[in-house]
Each structure stands twice: as C-alpha cells, then as structure tokens.
Amino acid sequence: MSGAVLDRPPMTSPKPEAPVADLVTFEERLPQEWKWSRRLAGCVLALGLVYAWFGLKPLWHTDVWGHLNYGRWIVSHGTLPATEPTMPLAQGVPFVDPYWLCQVLGYWTIQGLGVAGIQGVSSLMITTMGALLLHRCWQRTRSMGFAYLGLAAFLWLDWSTLAIVRPQLAGLLCFCVLLHRMTSPRATTIDWVLVPATHLVWANMHGSFVLGLALQGAFVAGRALDLLRRTGALRSVWHDHFVRRWLLWLQLSAVATLVNPYGIGLYLEVWRVSGNPNLASLTEWQTLDIRATHGLVFVASVVALAMLYRFTPRRIASWEVLTLVGLALASLWSARFLSWWAPVAAVLGTVHLHASLRRWCPWQAMPAPSPRSGKWTVVTLGLMWIFLGYSPLGMRLIHGKDAVLEKSVSEYTPLGAVEYLRESPPEGLVFNVFEFGDYLQWAGPPGIRVFVNSHAHLVPREVWLHYLQVIEQTAGWEEVFDRYGVNTVMVDTKYREPLIRRMKDNAAWKIGYQDSRAVVFVRKASI
Amino acid sequence: MRRNVSIEAVLIVQVVFLVGVVTSLVTAGPSLRGRLEREFTGRPVLPVVPIPRETPLTIEPLYDDPEVVSDEELAAVLKKVQPRFPKSQLKPNFVEHALRTWWLKAEFQDPDVMSGQALKDYLVDHGKYLASWGNDVEPLLMDRPEGVAIRWGKETGASVHHDHWLASLTEAGVGLHEPVFTPSRQDMTIYNVLQEALRDFRVDEVETEWSALAFGLWLPPTKSWQSNNGRELSFDILAQRLMRGDKKLGVCSGTHRVYSLMVLIRLDDEYHILSPEIRTAAYSHLERVRDLISESQFPDGHWASNWADGKVSVEKPISDEAFKHVIATGHHLEWLAIAPTDLHPPREVILKAADWVIRTTTEQTQSQILERYTFFSHVGNALSLWRKTHPADFWKKWEAEHPYDPEAPVSALDVR
Chain A
1 MSGAVLDRPP MTSPKPEAPV ADLVTFEERL PQEWKWSRRL AGCVLALGLV YAWFGLKPLW
61 HTDVWGHLNY GRWIVSHGTL PATEPTMPLA QGVPFVDPYW LCQVLGYWTI QGLGVAGIQG
121 VSSLMITTMG ALLLHRCWQR TRSMGFAYLG LAAFLWLDWS TLAIVRPQLA GLLCFCVLLH
181 RMTSPRATTI DWVLVPATHL VWANMHGSFV LGLALQGAFV AGRALDLLRR TGALRSVWHD
241 HFVRRWLLWL QLSAVATLVN PYGIGLYLEV WRVSGNPNLA SLTEWQTLDI RATHGLVFVA
301 SVVALAMLYR FTPRRIASWE VLTLVGLALA SLWSARFLSW WAPVAAVLGT VHLHASLRRW
361 CPWQAMPAPS PRSGKWTVVT LGLMWIFLGY SPLGMRLIHG KDAVLEKSVS EYTPLGAVEY
421 LRESPPEGLV FNVFEFGDYL QWAGPPGIRV FVNSHAHLVP REVWLHYLQV IEQTAGWEEV
481 FDRYGVNTVM VDTKYREPLI RRMKDNAAWK IGYQDSRAVV FVRKASI
Chain B
1001 MRRNVSIEAV LIVQVVFLVG VVTSLVTAGP SLRGRLEREF TGRPVLPVVP IPRETPLTIE
1061 PLYDDPEVVS DEELAAVLKK VQPRFPKSQL KPNFVEHALR TWWLKAEFQD PDVMSGQALK
1121 DYLVDHGKYL ASWGNDVEPL LMDRPEGVAI RWGKETGASV HHDHWLASLT EAGVGLHEPV
1181 FTPSRQDMTI YNVLQEALRD FRVDEVETEW SALAFGLWLP PTKSWQSNNG RELSFDILAQ
1241 RLMRGDKKLG VCSGTHRVYS LMVLIRLDDE YHILSPEIRT AAYSHLERVR DLISESQFPD
1301 GHWASNWADG KVSVEKPISD EAFKHVIATG HHLEWLAIAP TDLHPPREVI LKAADWVIRT
1361 TTEQTQSQIL ERYTFFSHVG NALSLWRKTH PADFWKKWEA EHPYDPEAPV SALDVR
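Chains as they are written, first to last, in this note's numbering: chain A, 1 to 527; chain B, 1001 to 1416.
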C-alpha cells in the first residue's frame, strides 16, 4: 500500500450572509414620543429656510444701532435715563423708554455673541412667529399646504417690517403669541399665566402692547356681539365661558402692562409719541401711500380678504371683522400698523381660503396621518443642526467664528465714514442725516455729538425743523450750521446728491471723506 | 364639557385689576398726574418754579478805574443817555433799556426826563401804555391762564426781544411782588410774569440771552426747573445754549450772549449753578472771546460787528454802519466790567475802546442818540460799571454838585 494519508481539511459549512439591518426593528425600539412625523420634518425645513434667510440678512443701518446704544448706556449706568442722554440738542427732554428690555438684552447679545448674535436672535424671533402662525393655520385647516401658504402670506405681507431688526420684532412676536393663544380652540391653565406674562414682557419691550389689549378687546366685543345677535339676551353674554375668560385675560393683561419702570405713565408716552409732530416727516408714520409697494400689497390683501369673506362657507366671527377692520383703518392712518395687519390677515385669509376652496373642490375630509418614524426624527434633527449650525449665530457659538462686519450690515451702513471719524474725531456738533445717527452713536468716536438719531420724537421741535430745513435745502439752510456750531456734516450718497453738490460748492467746507455710501464735509475754519 | 370661569375667579381678578390700577395712579409722581390730567382734560400743565427771593440778585461791578472813564466823561455820557422820550408812542424797548441802565431809584431834576419809577410804571401798567399808544395796537401785557406774557417781536409797540422786558425790570431791581396791571387783571405781579417766562421758554428759540439773564438773577440757588412741555431745564443747558454756534450770531452781533454768559459765571461763583464741566467750558469760551477782541480791535479803539472773526475783522473790514460799532464796543465794555482780569484783553485795548465810545457818544446830537437809544444806553451802563457805580447813584451825586439848569441846552452839539 502506498501514499501518505493527508488529513482532509475539516468540513466547514458556508458562512451565512450577515443579516440586513431591519429598520423596522430599529424604529420599534425608539420611544414613541421620539418618533417624529414627516410633517414635522417639512415644517422644520420651511421654518429653517426662514431662519436661514433672515439669519443671513444684513442688519439695517438705522434703529438697531440706536437701540444698542441706549442699551449700552443703561447697562453702563445701571439705571434708566430720566432725560435723553445721547443727543446734545435733546438735553433735558424727558425720556420714557418702552424698549428698555429689548435694548438691554440686545446689548448683552452683541457683547457676548457679536453681530451674529443679533442676526441669530432676530431670525429666531421671526422663525418663532412663523412657527406660531404655521401651527395655527395647520390646526384650522388640517392642511400643510395651506399652512405653508399662510406662512408665505405673512412673510410677504410683513416683509418690510421683518427686514429691519428693532424692538418692533419683539412686539410682533408677542402679538403672534397672543393671536395664537386667543385663536386656540382649547385654552389651558398655562394660558392664564402666559397671556398676562406676554403683556408684561411686551410692555417692557415695545410700545405696541396696547395693540395686544385691543386685540383681546376685539375678541371680547366680537364674542359678545355674536351672542347678542344669536340669543338677544345680555345674560348669555355674561354667562358665556369665552367672554368671561377673555375679559379676565384682558384685565390681567392690562394690570401686567403696569409692571414697568413707568407704571401708567407708559400709556401716556405711547399716546404722546403717536401724536408727535416730528414723526409726520417719517414715511412709516405717515398715512399709507397705496401707490408705494407696501401700499399695493396692503390693498391686494384687503381685496383678497374681502372676496374670501364674501364667499367663505365658514361662519364669520365678529372678532375677525372687528380686528381686520380696525387694523385696516389703522394701517391707512399710519403705515406702521401694517406690521400687525399681516399676521391676522395671513391666518384668517388662509383659513377662509381653505374653506372656500373646499366648498368648490372638496378633498379628503381629514388629512392622511403623517407617518412617524425614527427616520424623520433624524431628518428633523439633522435639518435643525444644519440650519442652526451653519448660520452666523451657529458659527459663532460652535466654531467661535465672528461674522464679518462688512457682510453683516446693510450696504448703506457708513462703515468707512465712521472709521474716518474715529481716526479724526470731529470738533463740536456733527450734522448727520437721520439715517446715520444711530450707527454714528454706536460705532463713532466716543462722545460724538450727533444732530439727530432715529428717535425723532425726542428731538426738540425747533431742532427737527432746522434739520428738515437743511435736508430739504429751504431758505437759509446754510445758516443752520452756523447757528448750531456745526463743524462736520455727514450725509448719505444715495438720497442726498443735491445737498452734496451744494456743500461742495460752498467755499467754507471741504470734503474730509468720501466713498460710495457717505460723504463727510469738514468746515475749513472751525467755529 | 367646558368649565365656566367661577364667580370667585372673576372677583379675584377684579380686585387685582383695581389694586393694580389704583396703585399705579397713586405711585405716579405729581408731574405724571399733571400730564395725565392735561391729556384727559385738555387743561395746560402749569409747573410752578419756587422763587427763593423777593428782590433780584445784582452783579456788582469789579473795578473803579478813572483811567477808563473820568467823572466828567461819565457825566457827559450819562447826560446823553438820560431817558428823555416823547410821550406818544413810547417804544417799550427804549423804556426797558432806560430802566435797566438807570434803575428804579433814578431821579432827575429835569422834568422832561422820566424817572426810574415812571419808566417802571409805563412797563407794568397797561393803562399807561394805552395812554401812549391808544387802542390801535395790541397790548404789551397779555393775559394768560395763570400768568402774564409780554408781546415781543418786530410789531409796532412790542418789546422787540424775548424776555427783555423781564430782564430789564430784573436788572433794575424791581421786586417780585411789584403789581402788574394787564388789560383785564389787576392782581398780577412780576412773579406771574416770571413764572410764565419760565414755562414758555424754549431752549432752541432764536433769542435766549435775556431769559438766561432774568432766570439767573431770580432763581439761584435753584439750578434746574421744568418748562411746560416737561423738558428739564438748567443753567447748564442755558450756558451751553449761549455758547452754541458762531460767536457772531445772536442779538447785537453776539455780544449779549457773552454778557449773559459772564453773568452766569459770576452767579456760579456764589451759588454754584453750573456743573464744573460747563463752567470750564463757559470760561474757555470767554477766554476765546477775549482773544478775539484783542485781535479784532481797530486802531481807533472800536470793534466792528464781525469782531468774532478776529484779526480778519481788521485786515478785511466789512462796511458796517457806525451804530454797529457802538453796539459792539459798548457791549464788550459792559461784560468786561463784570469779568475777572484774566478774561480782560490787554489794558490798552480797554482804554482805547473806552476813549472811542466816550468820544463817539458825546459827539452825537440828542436826536441821534434818541434814534439809537438802546445801543447808547449800554455805553452809559458800561462806563458806570467801570467806575464801580450805577448811573442813578452817580447822577444823583453829580446833579447835587452840578444842578440842572433849565436854560442850558442838553448838549453843546444841540446848540450847534
């Protein structure tokens, strides 16, 4: 017998294939409350786009800088000023500051997080407003499509307001919170605290808190009217759950607004500011010009709403009519009220559009449930991360990267001119265009004495008239500079070309600095 | 099923609401309550400023310098600026200037010259004004809800400058309780005029020189007060307002601003009505004025209306009317008389200015003086201050030694 006997290799069974991950099994392990819906992911996407858009928007060259300047003053002095503290020509003018809380928070934000912080916080406020209105529109229509439409309508109607960062955004946010709660089908115990608390904060942030009280008043009056029309009995009004609740909320809110540094004096100030003659020179305080873009948008929205209300199958609550008519009339009287017209018009327009369209094209009564799964949780969180992480604020918080100032401010911000003034501090009073006053005070040389800033209601009447005399170049305008001891003049190139030409022709002045945004004239022989 | 809000909750909220509103009203300060009242009732807010004295303060001159003006020269000038006015259509502005120069105590042997009392009576009594002007012009004294306003401006029979009436009576030493007879009231006093002036004063109005002067002589040690639009005013603000703008601007080529500023500094010496920073700024401002008038004096001693241009004023003279030289020179001598020496230009500048103004004044005929009385009155006052006296006191002494001669002409010039 020959040949070695080789051990046979041991028999091995073929390796089984690695099992494919069973996503169904994976999802089932996630707690239910963490399984978010596709609808939510869609909302986050939409709101994230809103956040990203406004987060990247450059800061406007007026308002915000003035408020930050006041915030700086309040923080450094540890008290609210009793008289105007920053404009030398307004010395002694009593100063009631309804925006103080915004100013202080804004100052802390910019100190801690830079310009990106301001951009981030303002865009978060706008996003929150959008979220509240999106939620309410969805809740009333059960249609995400119409909810997005409502959000878009709000953004379109209020575009010019949302583009400018200032305490009015905080006022608008409070208004949206209130509108959300008032239109909620079911109030909670928390609302008894939330509604007055919103007014308390509102009254310390912006003078528009009176509109919140007016809105609540419209709800009460509207509900009472509806009941009276339906029952004819006053008793039914008193016993109505909604009337009682809303009336008590109104009273608690009114008391909450008194919790401010000025008490009831704040109401007086809001009243007086609205009647200040200086503000008549400012576009947004003038009667609405329906030929301007914002006027056309307003008219379009009024026409659209009128048609919707004509054809809607939904019962029209009186509060809707009271609120819409009230805000529309207010907007015609002063363009500034367009800001508060927008959210109401957007929500009500969406709701009635949905009802009207369903009447003609009925679709499924209830929307299909939106699938919930861990996948959508990941998508939602991922979207949040992307939008927040790559925003200027996110860059600042996560990467410590400061926003570039030139890209973070509007193209009209006089960066170069202010830098020139910092290097060559002006002697005496600086005559500046109204639009530059705020930034000059914030970023200009310490102690700069500006002629006016955006708080026109604090400028003494004669001073304001002299300001207009220069800007409009009416008779004797050059003597204003002599009268006030102005040795430096700073004007914008965008709208003041005629004034710039005449200043160039004046032998007493020379150009100290000039760029595409601003010109600085300096008197040859200082007085 | 919805649970209705209980009655207890309703009551609790009513209590909270009432307590909140009442607390807010109670804790509101008086000025806020006043403003609330004004907004709801339409009645004006009339803040009252406490006046701590019954007679106004005076700014005493500092120097008795016969080299600047001798007794004879002073007498000659004062004789020119005696208030010898026509009775009909008597200009309040003339009377005011005469009163502030001659004071209440002025008395003259010449019956054609109005005494201090007569000057004062004309200004505070509508009846006397009416006798001079008749019914064809508006009254000088105007009734207000709680005060008296003075009609001022370029209109016929008006006071010309804002608060000049008040400042003139104040400088003349007229007391707070001096009666003021308006067209419809007999119970008003200087106090009511002063309160009205305090209320309606606006920092940014065209003329603030005399308001600052009047307030300065009445209010210290009070440093701040409120106007009727709620603005908090102070002597700091007034001083800054007087310093504001080109020095050439302001009434009388900007010289009244300088005088009023000097008065505020003198008041600050005793009553500390200015903050240290503003006092320093005001002092620096006057130092600059000193330097400018040192450079801008003409060889014959006068200053022109563009004195604030410094040496350019002399190198490139403008065509000024002669009376404007009197204005500038007389007014500068006036404030220098109450200023400390470190604010003086070199002595020869003062001497030359005094020589010029004495010569120029005594060379005028009486009708020429009358035509420009207000400017020449400042000359008389300025020169008296340089002798540490007042025109009324000096003239009384002079007339005792040189009695009035009704046969003699007012001046040799008028004989010619």
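These aren't lab readings, by the way, just hints derived from the structure by calculation. Built from N, CA and C at the ideal position, the CB exists for glycine as well. It is possible that part of the hints are untrue.
Derived coverage of chain B by chain A (criterion: at least 3 residues anywhere in the stretch with Cβ under 8 Å from a Cβ of chain A; other residues may be distant) [as the list claims (entries may be wrong)]:
hint, stretch
1, 1094 to 1107
2, 1227 to 1235
Calculated pairs, BS3-like style, for lysine-lysine (alpha carbon to alpha carbon, straight line, at most 30 Å) [said to hold, decoys possible]:
hint, chain 1, residue 1, chain 2, residue 2
3, A, 510, B, 1316
4, A, 510, B, 1128
5, A, 57, A, 35
6, B, 1154, B, 1128
Each hint tested on the structure:
Here's how the stretch 1094 to 1107 of chain B fares: 0 of its residues keep a CB closer than 8 Å to some CB of chain A, so the rule of at least three is not met and the hint is violated. Here the stretch 1227 to 1235 of chain B counts 5 residues with a CB under 8 Å from a CB of chain A, which clears the bar of 3, and the coverage holds. A threshold of 30 Å between alpha carbons decides the hint, and for residue 510 of chain A with residue 1316 of chain B the separation of about 23 Å falls inside it, so the pair holds. Restraint check for residue 510 of chain A and residue 1128 of chain B: not satisfied, since their Cα atoms lie roughly 57 Å apart, outside the 30 Å limit.
As the CA atoms of residue 57 of chain A and residue 35 of chain A are separated by approximately 34 Å, the hinted pair breaks the 30 Å bound. The straight-line distance between the Cα atoms of residue 1154 of chain B and residue 1128 of chain B is roughly 21 Å, inside the 30 Å bound, and the hint therefore holds.
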